[in-house]
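Residue numbers (the UniProt record's numbering), protein chains in the order written: chain A, 1 to 221; chain B, 1 to 221; chain C, 1 to 221; chain D, 1 to 221.
Hints in this document: simulated from the structure, not taken from any laboratory.
Remember, predicted model here, so these are calculated numbers, not experimental data.
All the pointers check out, no bait thrown in.
Because identical chains cannot be distinguished in the list, a pair is counted as satisfied if it fits within a single copy or across any two copies.
Pairs of lysine to any residue residues, derived as SDA-like cross-links and limited to a Cα-Cα distance of at most 25 Å, are as follows:
id	residue 1	residue 2
1	Lys70	Ala194
2	Lys70	Gln100
3	Lys70	Gln89
4	Lys70	Ile105
5	Lys70	Ser97
6	Lys70	Glu187
7	Lys70	Asp192
Number of protein chains: 4
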Amino acid sequence: MSTLLEHLQSQCEPQWQQYTQHAFVRQLADGTLPRHCFEHYLKQDYLFLIHFARAFGLAAFKSRNLTELKRANASLSGIVDVELDLHIQYCHQWGISQEQLENTIESTPNMAYTRYVMERGMAGELLDLNIALAPCILGYGQIANWLLAQPFLVLENNPYAEWINLYAGDEYQQVADAHREACNAVELSNLDGARLHTLVQTFDAATRLEIDFWQMGLDCS
Amino acid sequence: MSTLLEHLQSQCEPQWQQYTQHAFVRQLADGTLPRHCFEHYLKQDYLFLIHFARAFGLAAFKSRNLTELKRANASLSGIVDVELDLHIQYCHQWGISQEQLENTIESTPNMAYTRYVMERGMAGELLDLNIALAPCILGYGQIANWLLAQPFLVLENNPYAEWINLYAGDEYQQVADAHREACNAVELSNLDGARLHTLVQTFDAATRLEIDFWQMGLDCS
Amino acid sequence: MSTLLEHLQSQCEPQWQQYTQHAFVRQLADGTLPRHCFEHYLKQDYLFLIHFARAFGLAAFKSRNLTELKRANASLSGIVDVELDLHIQYCHQWGISQEQLENTIESTPNMAYTRYVMERGMAGELLDLNIALAPCILGYGQIANWLLAQPFLVLENNPYAEWINLYAGDEYQQVADAHREACNAVELSNLDGARLHTLVQTFDAATRLEIDFWQMGLDCS
Amino acid sequence: MSTLLEHLQSQCEPQWQQYTQHAFVRQLADGTLPRHCFEHYLKQDYLFLIHFARAFGLAAFKSRNLTELKRANASLSGIVDVELDLHIQYCHQWGISQEQLENTIESTPNMAYTRYVMERGMAGELLDLNIALAPCILGYGQIANWLLAQPFLVLENNPYAEWINLYAGDEYQQVADAHREACNAVELSNLDGARLHTLVQTFDAATRLEIDFWQMGLDCS
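With the hints as extra help, turn the sequences into a complete structure.
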């Protein structure tokens with residue numbers, strides 16, 4: 001029996017592969033990504049994180065029981081109390097000041113993804129929100145693991161090694177596992193055709209928006 | 001095979017009966033309800049209609065396809081373009097001016113029901129909203145039909161006969177049928193236990209809030 | 001120059017006094033409140049806290065900057081990570097098990113208040129949400145301080161002394177101060193008549209709903 | 001004294017000009033836009049209209065009085081009962097079937113704009129939603145009028161003449177006027193700095209997202 005997420009991923013296989021094996025991440029692995037592309041990505045990612053935190057606030061609002069509420073609270077706190085500060089420090093290493101982060105103009109692909117997630121979260125129920133968040137949360141973990149197994153990987157003197165290790169690390173993998181569990185709490189066999197169709201559309205759209213996000217990084221635009 | 005609504009009603013049988021056979025509606029049928037109680041009810045119902053219209057605006061926002069969007073639009077227009085004016089005219093017959101309607105202070109049971117419906121609509125998906133609306137929309141139609149079949153019914157010189165006939169009439173019954181269809185678009189067998197539990201809770205709470213609404217009418221408070 | 005909250009309170013003076021000097025709290029102070037009334041209140045308050053947590057999740061979603069986001073996150077965590085556990089322990093002292101708390105049926109006044117707060121939060125902006133939350137957050141702090149100054153106060157052998165001291169204590173007063181600051185971040189002189197009217201209505205309704213909440217405690221209903 | 005919209009437009013002058021005088025609309029006016037670009041635009045615009053309808057459903061939910069509710073209802077009905085059918089007919093003239101419209105994959109710039117509008121509508125109050133909608137509603141009217149006054153305009157044998165005349169026509173100009181009035185119901189002098197800053201950001205972002213929408217049309221991507 002497939003889980004819900006396995007089903008969604010199998011229905012969006014070509015896009016999922018395009019996203020998780022995108023040129024942007026390949027160039028992270030072999031260290032050839034131009035620095036200014038990565039810096040552009042880091043700045044957009046700062047804004048992304050803030051809207052992701054808001055999405056978990058929405059998840060807290062949409063919770064129907066203490067389990068869901070505690071999970072949403074943990075994710076929100078994780079970003080607001082920990083990740084944002086780590087991101088600011090990491091950007092500092094790359095010569096990007098907090099002021100620069102705060103004055104970054106959101107790119108259109110960034111807006112498209114974050115606003116899509118929040119709209120799904122508002123219009124649908126908690127599951128729709130969780131599925132819209134899934135390609136990001138699960139994808140990053142999968143990408144990092146995949147990159148570590150590729151022949152073109154170069155970790156030595158690779159300025160992006162820290163990024164890869166972060167997302168392949170235990171701490172992040174546990175975050176991904178927790179989100180996977182939240183999504184798969186619903187049995188695939190218990191979803192009717194129309195409901196499943198909506199979820200496939202959401203997973204597909206979010207995956208395509210992730211492809212656009214990497215492309216934005218590559219195009220520095 | 002039961003429909004979703006049949007299942008929900010059967011799970012909340014005692015409350016459903018308390019609501020649909022409440023002393024308030026029995027006294028409408030035999031004409032013994034004190035006029036000031038009915039007038040109190042009419043004033044609260046004006047505010048209720050406005051929030052119900054807002055709930056259908058929310059349903060439009062939550063729609064995933066044109067069918068759902070057209071249905072929500074029809075319900076919203078039905079209230080804003082037709083029902084509110086009819087209600088104002090009907091209140092005028094009872095000596096209640098539009099100004100009085102607009103200056104009515106919302107009673108707590110009124111707030112409880114309308115805000116509960118909107119909260120379910122925000123926090124859940126369209127189905128949750130439709131189920132929260134169901135006890136009102138379907139209940140009124142059922143109550144009017146039930147009253148017409150009761151031995152204690154007195155239509156002659158009953159000041160409330162018009163009210164009963166309105167909700168027993170074809171036009172209203174079609175509104176109720178359309179809402180029933182919208183709710184039952186989901187097959188009962190396609191809902192898992194947790195999802196169904198949430199819907200039972202919603203239907204139960206909305207039914208209890210309808211009981212409180214009648215009681216408010218009876219208590220004029 | 002008045003602050004926004006001073007203005008709102010002055011516009012709702014009679015209701016504010018009814019709420020903050022309600023028989024329920026007077027009977028807490030002199031220790032005459034029947035135990036089962038307080039126990040009823042404690043059970044309802046558990047459900048109340050969960051919905052209040054959800055409202056702060058909504059506040060996180062509605063935040064426009066990091067300051068607002070961190071504030072909402074702190075309030076949400078405060079409830080989910082700390083207050084709920086303290087409440088469960090406190091209820092245990094009163095012989096109420098966690099299972100009883102979880103199986104409590106929400107009373108209508110409880111639903112009316114919590115759903116009203118969330119509806120204001122959804123329909124308005126963050127300020128509307130904060131003002132809807134204010135009578136509760138600020139009122140409890142003020143009530144506790146007021147009770148401590150009353151001639152009818154009896155702390156010795158008063159089973160409710162712990163409750164009064166909790167809300168009069170530094171920790172809670174700081175929570176109230178933080179919320180006051182968040183509300184007053186907007187200058188009263190910068191709000192136009194229509195905007196201010198909406199906020200007065202919200203503060204007034206929330207205060208009346210608090211009166212109904214105390215009354216529910218007194219009536220054990 | 002400036003109105004709110006005049007102020008917002010003046011704060012975003014370069015972007016506003018880029019949007020309202022974009023190569024896409026210039027090529028509509030001189031008839032040189034490749035047909036397939038226009039067809040791509042028409043298909044995306046169909047999806048756009050559906051999400052715009054949803055945004056007006058949201059406006060109905062957020063309404064605080066009958067005036068706002070009736071306005072939102074009229075806009076929603078205008079799209080659902082009239083505009084969508086006209087759009088389908090118009091697309092038919094261009095050889096695009098309804099089935100093609102329904103199977104169109106949303107482009108990223110389309111998603112970015114519509115979801116941004118809805119997110120502003122959810123997170124802010126009605127005014128934030130109205131301002132997010134303004135660049136589209138007012139811009140189209142202004143563009144059509146501006147094009148009609150340009151020396152490069154060619155109406156004869158211009159396949160896009162009907163489009164230009166539609167938006168320059170009385171019916172559409174009245175829609176734009178009504179929205180302008182709704183936005184300007186708030187006096188500029190009554191908004192404090194922080195509130196105004198948020199609205200400038202919203203107007204600016206929505207205008208930039210309109211530029212991207214035209215560019216999507218030009219790039220057929």
